[in-house]
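**Student:** With chain A's structure known, arrange chain B on it following the hints.
For reference, the chains in residue letters:
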Amino acid sequence: MKFAVLVNEGPYQHQASDTAYQFVHAALQAGHDVMRVFFYHDGVNNGTRLTSPPQDDRHIQKRWSDLAAEHKLDLVLCVAACQRRGIVDEDEMKRNGKDADNIAEGFRISGLGQLIEAGIEADRLITFGD
Amino acid sequence: MEEDEYAGGVIKKFLYVNRRQPHGTVYALESLETVLIGAAFDQDVSMLFIDDGVYQLKKEQSPDGIDMKNFSKTYRALEMYDVEKLFVERESLEERGLSAEDLLVDVEVIATADVKALVDEQDVVLSF
Numbered sequence: 001m002k003f004a005v006l007v008n009e010g011p012y013q014h015q016a017s018d019t020a021y022q023f024v025h026a027a028l029q030a031g032h033d034v035m036r037v038f039f040y041h042d043g044v045n046n047g048t049r050l051t052s053p054p055q056d057d058r059h060i061q062k063r064w065s066d067l068a069a070e071h072k073l074d075l076v077l078c079v080a081a082c083q084r085r086g087i088v089d090e091d092e093m094k095r096n097g098k099d100a101d102n103i104a105e106g107f108r109i110s111g112l113g114q115l116i117e118a119g120i121e122a123d124r125l126i127t128f129g130d
Numbered sequence: 131m132e133e134d135e136y137a138g139g140v141i142k143k144f145l146y147v148n149r150r151q152p153h154g155t156v157y158a159l160e161s162l163e164t165v166l167i168g169a170a171f172d173q174d175v176s177m178l179f180i181d182d183g184v185y186q187l188k189k190e191q192s193p194d195g196i197d198m199k200n201f202s203k204t205y206r207a208l209e210m211y212d213v214e215k216l217f218v219e220r221e222s223l224e225e226r227g228l229s230a231e232d233l234l235v236d237v238e239v240i241a242t243a244d245v246k247a248l249v250d251e252q253d254v255v256l257s258f
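Going down the list, the protein sequences come from chains A and B. Sequential numbering from 1 applies to the first sequence in our numbering. Sequential numbering from 131 applies to the second sequence in our numbering.
Calculated directly from the structure, the hints in this document are not laboratory data. For each residue, glycine too, the CB sits at the ideal point set by N, CA and C. Heads up, some of the hints might be wrong.
Listed next, the in silico SDA-like pairs over lysine to any residue satisfying Cα-Cα at most 20 Å (straight line) [claimed, not checked]:
| hint | chain 1 | residue 1 | chain 2 | residue 2 |
| --- | --- | --- | --- | --- |
| 1 | B | K199 | A | K2 |
| 2 | B | K142 | A | I126 |
| 3 | A | K62 | A | D123 |
| 4 | B | K143 | A | R84 |
| 5 | B | K142 | A | R84 |
| 6 | A | K72 | A | Q15 |
| 7 | B | K143 | A | N102 |
| 8 | B | K143 | A | I126 |
| 9 | B | K143 | A | D123 |
| 10 | A | K2 | B | K142 |
Listed next, with one range per pair, are the computed distances between beta-carbon atoms [unchecked claim]:
| hint | chain 1 | residue 1 | chain 2 | residue 2 | range |
| --- | --- | --- | --- | --- | --- |
| 11 | B | E224 | A | E70 | 26 to 36 Å |
| 12 | A | R108 | B | T155 | 44 to 54 Å |
| 13 | B | D174 | A | S52 | 39 to 49 Å |
| 14 | B | I196 | A | Q83 | 14 to 24 Å |
| 15 | B | D172 | A | Q29 | 28 to 38 Å |
| 16 | B | D172 | A | Q83 | 24 to 34 Å |
| 17 | A | K98 | B | A207 | 25 to 35 Å |
Okay, the calculated bits of chain B under chain A, using three or more residues with CB under 8 Å as the criterion [what the hints assert, rightly or not]:
| hint | region |
| --- | --- |
| 18 | 155-164 |
| 19 | 168-175 |
| 20 | 242-248 |
So here's chain A without its partners, still in its complex pose (with noise of 0.2 Å):
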């Protein structure tokens, strides 16, 4: 099976983006495809490498960044969505004239026609979100 996933919520206030990593998680596991995870609303949060939990805490965003890194996963933020949220890659830094960028590694920023494109291109696009 090809699925694509929306993330809706933020890191920590919500469980969304924990249960988005671990559907995503057990998906790649029982050998589906995940042709892409995209975050949206304040589910872009979860792509600013600049979060430091305890360390007795799970590591949201680095958790989605080691689960790319190892399976090639494409993490989209919503650049609508990060405009307004102060979320910038290098790309966004300039355009906007800001001093400094924050995505994490593993994370891209785009338009939301990847998420209409993955409804598409995937057999189930699943949301985690209210």
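**Tutor:** Just chain B now, kept in the frame of chain A:
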């Protein structure tokens, strides 16, 4: 953008389910943005307004007083994006003392039982 050039040839039935009031959270606004961007993909799009989501279509919104953007007029532009199948759940309207005349756009008012059928026939359901 590259996605405007999408030429996969596949047409799926997309349903956007709008369940929340227009302000209070950003879901309604960002859902509408998804619909507008998605229109470039020439898919078979429907929108369903249910629960507090029916308030998104309410006439005469004036959120300027709380410093919020009034994006309600955008629903009237959906037609230009070929998004013409707008469904509203009857029970959600009635519970809130509203009728189709209170809404900004022409909609098809359907009963809860028909909502289930509508969802069942979709390929992709995005619920905000």
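**Student:** Is 28 to 38 Å a correct range for the gap between the Cβ atoms of B:D172 and A:Q29?
**Tutor:** Given about 36 Å between the Cβ atoms, the range holds.
**Student:** Hint check: A:K62 vs A:D123, CA-CA at most 20 Å. Holds or violated?
**Tutor:** Not OK: A:K62 and A:D123 at ~28 Å, beyond 20 Å, violated.
**Student:** Check the following: the C-beta atoms of B:I196 and A:Q83 are separated by a distance inside 14 to 24 Å.
**Tutor:** Since the Cβ atoms of B:I196 and A:Q83 sit about 22 Å apart, the hinted range of 14 to 24 Å holds.
**Student:** Taking only the CA atoms, is the gap from B:K143 to A:I126 under or equal to 20 Å?
**Tutor:** The given pair, whose Cα atoms are some 15 Å apart, holds under the 20 Å limit.
**Student:** Does B:K142 lie within 20 Å of A:K2 when you go C-alpha to C-alpha?
**Tutor:** OK: A:K2 and B:K142 at ~16 Å, within 20 Å.
**Student:** How about the region 155-164 of chain B: do at least three of its residues have a C-beta closer than 8 Å to a C-beta of chain A?
**Tutor:** holds (count 5)
**Student:** Would you mind confirming whether the straight-line C-alpha gap from B:K143 to A:D123 stays at or under 20 Å?
**Tutor:** 13 Å, holds
**Student:** With a Cβ-Cβ cutoff of 8 Å, does the region 168-175 of chain B contain at least three residues near chain A?
**Tutor:** It holds: at least three residues are needed, and the region 168-175 of chain B offers 4 whose Cβ sits within less than 8 Å of chain A.
**Student:** Range hint 25 to 35 Å: satisfied by the CB atoms of A:K98 and B:A207?
**Tutor:** With a Cβ separation near 31 Å, A:K98 and B:A207 satisfy 25 to 35 Å, so the hint holds.
**Student:** Check whether the Cα positions of B:K143 and A:N102 lie no farther apart than 20 Å.
**Tutor:** It is violated: about 36 Å lies between the C-alpha atoms, which goes past 20 Å.
**Student:** Could you see if the CB distance from A:R108 to B:T155 stays within 44 to 54 Å?
**Tutor:** 26 Å, violated
**Student:** Holds or violated: A:K72 with A:Q15, Cα cutoff 20 Å?
**Tutor:** 24 Å, violated
The structure shown violates the earlier hints numbered 1, 3, 4, 5, 6, 7, 11, 12, 20.
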